[in-house]
Amino acid sequence: MKLPLWLRWRSDRELDEEIQAHLELEIQNNLDRGMPPAEARFAALRTFGNPTRVRERARENDLLTAAEGLLQDIRYSLRTLRKSPTFTLVVVASLALGIGANTAIFSLIDTALLKMLPVRNPEQLVQLKSISPAIGLDDAFGYPAFKELRGATQVFSGVLAFRKLYDMDFEVDGHGGLANGQLVSGEYFSLLGVQAILGRTILPGDEKAPGQSPVAVIGYDYWRERFALDPEVVGKKIVLNNSPFTIVGVTPPEFFGLEPGARIDVSVPLNMVAQVRPDFAAPGTPYDVFTAPFRNWLYVLARLKPGVAKEQALANLEPIFARTRRESAEGLSGLPFDSPAVRRAFVATKLQLDSGGQGLATVRARFSKPLWIVMAVVALLLIVTCANIANLLLARGNARQREIAVRLAIGASRSRLIRQLVVESVLLGLGGGAFGLLLAFWAGRSLLLLMSHSRAPILLNVHPDGTVLIFTLSVSLFTALLFGIVPACRAAQQTIRTSGKATSRSTFGNALVVVQVAVSLVLVMGAGLLTRTLVNLKDFYPGFNQDRVLLFSVNPLMTGYRESQLVSLYERLLDRFNAIPGVRSATFSVHSPLSAGFSSTQLNVQGYRPPSDRELASVGVEAVGPEYFRTVETTVLLGRDFTAADRAGGPKVSILNKTAAHFYFGDTSPIGRRVNMPGYRGDPSWLEIVAVVEDAKYHDLREQAAPMIYIPLFQSPESGVTFEVRTGIDPASAATALINAIKATDSRLPVFGVKTLRSQLDDSLLQERLVASLSSAFGALALLLAGVGLYGLMAYSVNRRTNEIGIRMALGARPVEIARMVLRETLLLAGLGLAIGIPASMIASRLIASELYGLKPGDATTVLLAILVTSGIAALAGYLPARRASRVDPMIALRYE
Amino acid sequence: MSPRVTERNPEDRIQLLQGTLDLLILQTLVFGPCHGHGIATGIERTSEEVLLIDHGSLYPALQRLERAGLIASEWGTSDKNRRARFYKLTRSGRARLAAETGKWEKMVRAVGRILRARGEEAT
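Chains as they are written, first to last, in our numbering: chain W, 169 to 1065; chain Z, 5 to 127.
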């Protein structure tokens, strides 16, 4: 292709003209000297030299000639690639797979782990936390502490606080619905720099006296889902958790709150807490959320003033915070759980500042390690893919020997040839990258679904943005050079050595296969360890039986019930449930097993003074319904289950789990002993221990069982319970009947969180399943590619040696011996790969040690299995060419070539 | 690639050092604008026919010099009433010539000294 004339330094035509003029002058000179015309012309041409060569040399001066040559190379490469569609398809498809996997995982990492919040100057934000030797790290602060921190205006340009409210009842025009909400301090939106796209946000002026500002701001997505983007939404009256509010504005679409992966549907001012969560706010008591210093319920973020470092801010805040803690400790007097130890713990609490520009670390903390592991897996997969393509290109270079020889013969320079071959690789890389991007876009969404919990879906906005595009482009170019350069150089060199001993090809090809086998072993071994971890976790008895249990939740206080009505409502519901055919037993609890939550408090044992190192030890408290342990099938080791008779007015009772019983009573039986826990809802009354039950997992299956105390919910009524119903049939099929039973009791009571206990258990294994399944899939793919690579190499070598094999056979070698020879060569390569792969996988498995459960990083069974699988594939890859070699007909083989 | 320069006796062909042709072109243009053919014959004549140039090799060199801004060119009419491209020295070309001439002379002196020294040793 020629460049347009205007782009060139000087047109060829002009140069031709100049050369022509030169020649004419010289001819004239010669004529003047008396030469005959023919000779004059001939002499002029001889003096001038080759005009074509002059033109070429002149053009090399041209900078743009380089670009012109590149365009030529691209056109030529495209033509060559089009001529071998199978090769192109195989390379582009495998690259698309490799690059697509990398892009998909990277875009997840970018969104979930690296991205900053979509707010003004997120890098200035810090999250405040407190840390103490007794309690550890605490993300939340009490309101009094927040008030003090707000005053630190010399280091902060502002401080904000918020609290998430899960599963709010959001009623519009008499229709209920669920929403994720948050309580925010007045400066929340202005400090973040988030402007309303409609109406206004919540402003500092909204934070008035408790209950005085019933205004709400809704999120864009909720506006779309519930109001179909109705612009008239501002001014609309709504009911949140049975309390009236007015919508004043809508936040922009990119704003999701301060917790990546979650979504805020509605925000209301902090001072409205008693309206939306009356059970939580406890106004007018010593536990009032606005005055009690020990009620840590607010997440606090601040914006550093420009030029103020975190350390400087911390130094400035320390004295203020220390004073707050001292005052708080004094404020404990008269409270049932006041003790010198508690006060000491209060005073010993220190402030900590973390970067807050990425928001709360919930998703980040959960998926950081798994995502990086999967990223490493796909990177290794890409290396295996590259090795395969490099091998393909080597073979192709050999097949193109004739073409390359011709091009060299007609004057192509070697560097130009290499450039053209590299351009070919780059085109392949870019093609793979482009399709990979499409694949990643599609896979990214599926991956998010895989990551999402059924209860709390992960709402990340994964789409290929600039960062991801740059990543994909650089990965494409990098891989293209990785697999392209060596084969290109080899191909260009090969024709010099006319003897055609392709030894270098074999050495490099062998090295590629060895690398593939080694990397595959690492991936297979990792996948094996992670899969067995998943199996171990699933097989482990979690302290309950997750089969055929249906879960669903209600929160009657949110729809207008009074606390005194709760017990009778729950009893009526249980009666209805038990009357449904197929229901074996029904109960309820504040938290269901593996729902990742319980309250904790300190426990006092009557007549027992704990040693000082244990005085602040806490136990988990769980209020449960009658026949709870029979229903979830937690073994009662000693004593009896709770019954319907354990209610207000009756003797106050409690049940300990095995860990708690052992912690407080050692080997003696705790039955009949009495405990109290004044820190739990301020009730100091003594509870008789009536049973000891097996430990059950509450947070996740890996946890060390925590000490737990169970109390009858009828003796300590709470709103917001989850029912556990064990059925004789498929629990999902009983769901309709159960929900109808609730509707029949009270049609206005919203039911949420309907699912089976098994799915809740599966949810808790989400990361493990994600990592195990992805690493298995990619490991299998890598193994397949390595197998194909090995097969290709051996098949090629057999093909090349047909002649030699024929001679061997003619000299009396038996087919078995020939097959053995080929197979031995294959296994030698595979063995070399394993020799490198085994130590490498040992190192790799140590890196994922923290993700394993029930087995060690160098688990012998897994190692052996991985070696067996990898060498099995290698043997298979070698067997096919070996069989072909053994069937070579010496007569035909000798005539070969 | 350096331009090939031939002496009267074809067996004594030598390869000119890189950049020498450039220097010769610049020097020739000191006497005023000139077209390619004029430069070629000028060099030959001035060197008393010791240096013969492949005329063709002149043109890539002229383009290179023009791109570097050392010479400029325009179409004009030769003394024999023919159309030809005339090259002339630019200000920076003049400066470069002065600098290069100085360097060249220094080098010739140095090389000459070394060669003479060896010659004396040998005798």
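Hint data in this document are derived by calculation from the structure and do not stem from the laboratory.
Note that beta-carbon positions come from the ideal geometry of N, C-alpha and C, so glycine has one too.
Watch out, some of these pointers could steer you wrong.
Said to hold, decoys possible - A few chain Z residues that don't get close to chain W, going by computed Cβ distances all over 10 Å:
{"#": "1", "residue": "L56"}
{"#": "2", "residue": "S61"}
{"#": "3", "residue": "S82"}
{"#": "4", "residue": "K84"}
{"#": "5", "residue": "K92"}
{"#": "6", "residue": "S96"}
{"#": "7", "residue": "A114"}
{"#": "8", "residue": "V115"}
{"#": "9", "residue": "R120"}
Stated by the list, open to error - So the derived label-pair ranges between C-beta atoms look like this:
{"#": "10", "chain 1": "Z", "residue 1": "A121", "chain 2": "W", "residue 2": "L645", "range": "44 to 50 Å"}
{"#": "11", "chain 1": "W", "residue 1": "M203", "chain 2": "Z", "residue 2": "P37", "range": "57 to 63 Å"}
{"#": "12", "chain 1": "W", "residue 1": "R582", "chain 2": "Z", "residue 2": "G80", "range": "40 to 46 Å"}
(message) A cut-off of 10 Å on Cβ-Cβ distance, and L56 (chain Z) was said to be off the interface with chain W. Does that hold?
(response) violated, 8 Å
(request) Given the range 57 to 63 Å, decide if the beta-carbon distance of M203 (chain W) to P37 (chain Z) lies inside it. (result) At 28 Å between Cβs, range violated.
(message) Please verify that the nearest CB of chain W lies beyond 10 Å from A114 (chain Z)'s CB.
(response) Fine: 31 Å to the nearest Cβ keeps A114 (chain Z) off the interface.
(request) Evaluate the condition: distance from the CB of S82 (chain Z) to the nearest CB of chain W exceeds 10 Å. (result) Its Cβ does come within 10 Å of chain W, the nearest being 7 Å, so this is violated.
(message) Using Cβ atoms and 10 Å as the threshold, tell me whether R120 (chain Z) really stays out of contact range of chain W.
(response) At about 35 Å from chain W, R120 (chain Z) clears the 10 Å cut-off, so the statement holds.
(request) Given the range 44 to 50 Å, decide if the beta-carbon distance of A121 (chain Z) to L645 (chain W) lies inside it. (result) violated, 56 Å
(message) Over 10 Å from every CB of chain W: does K92 (chain Z) meet that, or does the non-interface label fail?
(response) holds, 15 Å
(request) Check the non-interface label on S61 (chain Z): least C-beta distance to chain W beyond 10 Å or not. (result) violated, 7 Å
(message) For the hint 40 to 46 Å, verify it against the beta carbon of R582 (chain W) and that of G80 (chain Z).
(response) holds, 43 Å
(request) Against chain W, does K84 (chain Z) hold up as non-interface, every C-beta pair farther apart than 10 Å? (result) The claim is violated: K84 (chain Z) sits with its nearest Cβ about 6 Å from chain W, within 10 Å.
(request) Please confirm whether S96 (chain Z) is truly not at the interface, meaning its C-beta sits more than 10 Å away from all C-beta atoms of chain W. (result) holds, 18 Å
(request) Taking the shortest Cβ-to-Cβ distance between V115 (chain Z) and chain W, state whether it exceeds 10 Å. (result) holds, 28 Å
In this structure, the hints that do not hold are numbers 1, 2, 3, 4, 10 and 11, in rising order.
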